[in-house]
Amino acid sequence: MKSRVLQIKDYREVDITPLLKPFVPDEAALETELRRLTNPYVRWETGETASAGDQVVCRLVSDCPRFNKEKVRFVAGSGMFHKELEALVIGMTVGEAREADLSEGRVSLTLTGVMNRVVPELSDEMVEKLGLEGVDTVADYRAYLLAQQKDSAFQDALYEPQKQLMAEVIAGSEFVLCKEDWAVVVNRELDRCRTLCRQEGMVLEEMTPEQFRGRIPVKSYHELVAMLQYDGWDSLCRYLLGCWYAQTDGFQAGEADYEAFIADYAKTWHVSVENAREANPYETFIFNEYAGHTYTVLKKYIREFY
Amino acid sequence: MAIQTADKNNFKDLIREDFVIADFYGATCVPCKLFSRILEDIAAEIPFLNIVKLNTTENPEIAEEYGITAVPTIHFYKDGQLVDSHVGVMQPQPVKDVIAQYMYT
Numbered sequence: 001m002k003s004r005v006l007q008i009k010d011y012r013e014v015d016i017t018p019l020l021k022p023f024v025p026d027e028a029a030l031e032t033e034l035r036r037l038t039n040p041y042v043r044w045e046t047g048e049t050a051s052a053g054d055q056v057v058c059r060l061v062s063d064c065p066r067f068n069k070e071k072v073r074f075v076a077g078s079g080m081f082h083k084e085l086e087a088l089v090i091g092m093t094v095g096e097a098r099e100a101d102l103s104e105g106r107v108s109l110t111l112t113g114v115m116n117r118v119v120p121e122l123s124d125e126m127v128e129k130l131g132l133e134g135v136d137t138v139a140d141y142r143a144y145l146l147a148q149q150k151d152s153a154f155q156d157a158l159y160e161p162q163k164q165l166m167a168e169v170i171a172g173s174e175f176v177l178c179k180e181d182w183a184v185v186v187n188r189e190l191d192r193c194r195t196l197c198r199q200e201g202m203v204l205e206e207m208t209p210e211q212f213r214g215r216i217p218v219k220s221y222h223e224l225v226a227m228l229q230y231d232g233w234d235s236l237c238r239y240l241l242g243c244w245y246a247q248t249d250g251f252q253a254g255e256a257d258y259e260a261f262i263a264d265y266a267k268t269w270h271v272s273v274e275n276a277r278e279a280n281p282y283e284t285f286i287f288n289e290y291a292g293h294t295y296t297v298l299k300k301y302i303r304e305f306y
Numbered sequence: 307m308a309i310q311t312a313d314k315n316n317f318k319d320l321i322r323e324d325f326v327i328a329d330f331y332g333a334t335c336v337p338c339k340l341f342s343r344i345l346e347d348i349a350a351e352i353p354f355l356n357i358v359k360l361n362t363t364e365n366p367e368i369a370e371e372y373g374i375t376a377v378p379t380i381h382f383y384k385d386g387q388l389v390d391s392h393v394g395v396m397q398p399q400p401v402k403d404v405i406a407q408y409m410y411t
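The listed protein sequences derive, respectively, from chains A and B.
Going by the numbering used here, the first residue of the first sequence is number 1, and it counts up by one from there.
Going by the numbering used here, the first residue of the second sequence is number 307, and it counts up by one from there.
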């Protein structure tokens, strides 16, 4: 390409802190996740008194057929059998009988068996069995989950600051942008769309709004061309910036990466390797890798503030 | 926990009796993993609940026979009859609502 970067704006000069939403840990989700670890260790022990969460077996006598059963098993307080009867059974001992006036009719309930739900304390041993590297204790696991939460929140919060930072870096840098390079970028993407559509049995130039729906966010071929032409300049800038950053940070993309990408693409989209190659020529892959590298560099910078 | 893994040889037998939740999942599907955890939580709460998991990647013929076009798909069976179904991840409460509706009928 003849296009090049003359002067690059240092992204570190951009204050992105006002754009970042602060991270607020979700303590409830954290506790739920920690409790989940005890699931495989829950024990059911024969008991005498029913509490919420226990399995109970009851004999029901009623004129209502649904509540006239010799043996019915449910979890007290789960709300899955009958809320009033589940509440009634809590606190009862085996052999005890109680009556309830339900809207469906009068029910006599005798508790015939109880299995108490025993949830063990969360322990370091349970954490160790997860086999997570460097995560050996409950405290480690809590920190691990918190880090996961933070990563996830960062991904959610990234879009706006990254978009703005990218816009500022492109606007503040100096480029020599050649029209023929821009045309190559646009036509490459157009060819990619054309190939993908052909592989689905369609002709890009003749596609209807219904055919575009869910595939490409446009309603017509002309809208698509306009969109790609509009995006082409920024794509070219991102590619040039990516090449610039790669010179200093050592990023490289080559044949081996391409082969790995093609194999992954074919597997993900359930297409042949030939179709994957046709839809993603090597030159397009390399262009996108370097353009994508710019996003990676900016993302890493934004992460420093999160 | 009453979670059983099914294949083409035993799927029909596993859904034949009582109330059964069948989870049709894909091997590399992230939402499927999320729903799997929800089912594990429910199974830890209701140990006598019958849950059958079928890997549609490994058992495409069963997936086709049961009209599975996306994963996760959740089928609820009562004595072998499909009584409810859902495509996509279900949150715990809606799953419990379906259980409450059919398990004791």
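Check before you lean on any hint, since a few could be wrong.
Unchecked claim - Here are the simulated EDC-like pairs of lysine to aspartate or glutamate, each with C-alpha atoms no more than 16 Å apart in a straight line:
#1 Lys300/A <-> Asp10/A
#2 Lys267/A <-> Asp324/B
#3 Lys69/A <-> Glu33/A
#4 Lys402/B <-> Glu86/A
#5 Lys299/A <-> Glu283/A
#6 Lys299/A <-> Glu168/A
#7 Lys83/A <-> Asp403/B
#8 Lys2/A <-> Glu180/A
#9 Lys71/A <-> Asp324/B
#10 Lys83/A <-> Glu99/A
#11 Lys339/B <-> Glu278/A
#12 Lys384/B <-> Asp313/B
#13 Lys267/A <-> Glu278/A
#14 Lys83/A <-> Glu70/A
#15 Lys21/A <-> Glu160/A
Stated by the list, open to error - Partner residues aside, some chain B positions facing chain A, computed with beta carbon under 10 Å:
#16 Thr334
#17 Pro337
#18 Leu355
#19 Ala376
#20 Tyr410
Rather than coming from a laboratory, the hints here were simulated on the basis of the structure.
Beta carbons: idealized from backbone N, C-alpha and C, even for Gly.
Point to revise | Contradicted hints - numbers only | key: Of the numbered hints, 2, 3, 5, 11, 12, 14, 17, 19 do not hold.
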